[in-house]
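Let the hints inform the model, and build the full structure from the sequences given.
So you can see what is in the structure, the chains are spelled out below.
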Amino acid sequence: MPLQNTRSRYGHVAQALHWGIAALILVQFVLANVAEAQEGLLAQIKWFARHKSFGMTILALAALRLGWRLYAPPPPLPGTMSGGSRSIARSTHWLFYGLLFALPVSGWTMSSAANFPVSWFGVFTFPDLVAPDEDLKETLEKVHELLARALWITVLIHVGAALKHHFLDRDDVLRRMLPWPRT
Amino acid sequence: MAPNLISPAPGRAPGPPGGSPTRRAAALTLAWAGLLAGAPAQGAAPAWDVDPQASTIAFSAVQAGARFRGRFERFDADIRFAADDLEGSRAEVSVPLRSVDSRNSDRDDEVLGEAWFDVEDHPIAVFRAGTFERLGGGRFATDATLTIKGGTHPLRFEFTVKRDGDRAVLDGSAAIDRLAMELGTGEWTDTTWVGRTIDVEVHVEAAVGD
Chain A
1 MPLQNTRSRY GHVAQALHWG IAALILVQFV LANVAEAQEG LLAQIKWFAR HKSFGMTILA
61 LAALRLGWRL YAPPPPLPGT MSGGSRSIAR STHWLFYGLL FALPVSGWTM SSAANFPVSW
121 FGVFTFPDLV APDEDLKETL EKVHELLARA LWITVLIHVG AALKHHFLDR DDVLRRMLPW
181 PRT
Chain B
1 MAPNLISPAP GRAPGPPGGS PTRRAAALTL AWAGLLAGAP AQGAAPAWDV DPQASTIAFS
61 AVQAGARFRG RFERFDADIR FAADDLEGSR AEVSVPLRSV DSRNSDRDDE VLGEAWFDVE
121 DHPIAVFRAG TFERLGGGRF ATDATLTIKG GTHPLRFEFT VKRDGDRAVL DGSAAIDRLA
181 MELGTGEWTD TTWVGRTIDV EVHVEAAVGD
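Top to bottom, those sequences are chains A and B.
For the first sequence, position 83 (counting from the first letter as 1) is numbered 83 according to this note's numbering, and the numbering increases by one without interruption.
For the second sequence, position 13 (counting from the first letter as 1) is numbered 13 according to this note's numbering, and the numbering increases by one without interruption.
Some hints could be false.
Which bits of chain B does chain A cover? Going by a derived footprint, with three or more residues having C-beta under 8 Å, they are [as the list claims (entries may be wrong)]: (1) 60-68; (2) 101-112.
Okay, the calculated bits of chain A under chain B, using three or more residues with CB under 8 Å as the criterion [what the hints assert, rightly or not]: (3) 33-46; (4) 102-116.
Since the hints were derived computationally from the structure, they do not count as laboratory data.
For each residue, glycine too, the CB sits at the ideal point set by N, CA and C.
Written out as structure tokens, the structure is:
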């Protein structure tokens, strides 16, 4: 498998970013739920700090992913797919890009508004995007949760579609994102 | 001129040491008055009329690896300071701890609680300056004390003072060891999540009387 995408498969770079970000998204959902379940401010600080560090990692990877997507075109969708299906697929993918930026940025802004600045695993601190503002923080909390719900739904649609293509349509759509050769 | 307790005025006939009993009583009274005048909160340097709108007591600390800032909205500063009369300079600042504002109500609520300030039992912190030292270059320092949460601890405070006519501007800082002062007990003693040092920055603008 080459570094770059070919006309029939995704290359190393695209695959690494895809599965890496997918794994981090799962980690984020777990961390967010653990953090919300904590009682006491210190426990919340700890778990949200971890959630924020992973979130900013996703933001950086999403930027790389988007850069790569613009630079290296993906393999075209199979001709067996209808125009309508292809539209839905493209929309879902662009929705992902949108959410992968909007979620961390809304979180980062919320942290700034809460005057709990964001550190990347204690190594360095991100600048605050806005001045402290409790009302803004409350609003952004709702926005962030809504976007997370939208991401969750998009993930389910995306995974469902990939499995449908693989097991029902029996085409290469899922296979071309898998790192092992077809058997 | 210091009262003469040792020998009688020249030209007078020798009598009891210090002169007559009345004169001795007067001299002793004057001596004690002089000693008391040097007691704390009395200095001889001009009093500062602190402008509360233009003055701030701010602090910053590191939380989960990231530094955040807050301030105390209210404080009462009793300052007498003159660069040319460090002996006669004094400073005492009272801070009602409920006036803390770190722009986050969850954190402010926690900090007022028992693990931190414990404002129910200790609502006020008091900073008292000690002797003033001249560090040179317009900089001064004092080995002060901070009384907080029922304990009194040493606190070195370094500052600059700029004078412009009858206006004075003081900028100073101190580093507080929160563990030594029991600020953040129990689970909060883990300095991974809240740093050990709380940096305090003070900016005072005042009109200086004579």
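Worksheet item: Taking a Cβ-Cβ distance under 8 Å as contact, does the segment 101-112 of chain B have three or more residues in contact with chain A?
Response: holds (count 7)
For the segment 33-46 of chain A, count the residues whose Cβ lies under 8 Å from any Cβ of chain B; is that count three or more? Held - the segment 33-46 of chain A has 5 residues with a Cβ nearer than 8 Å to chain B, which meets the minimum of three.
request  = With a C-beta cutoff of 8 Å, work out whether three or more residues of the segment 102-116 of chain A approach chain B closely enough for the coverage to hold.
outcome  = holds (count 3)
Q.
Quick check: do three or more residues in the segment 60-68 of chain B have a beta carbon closer than 8 Å to a beta carbon of chain A?
A. holds (count 6)
The structure shown violates none of the earlier numbered hints.
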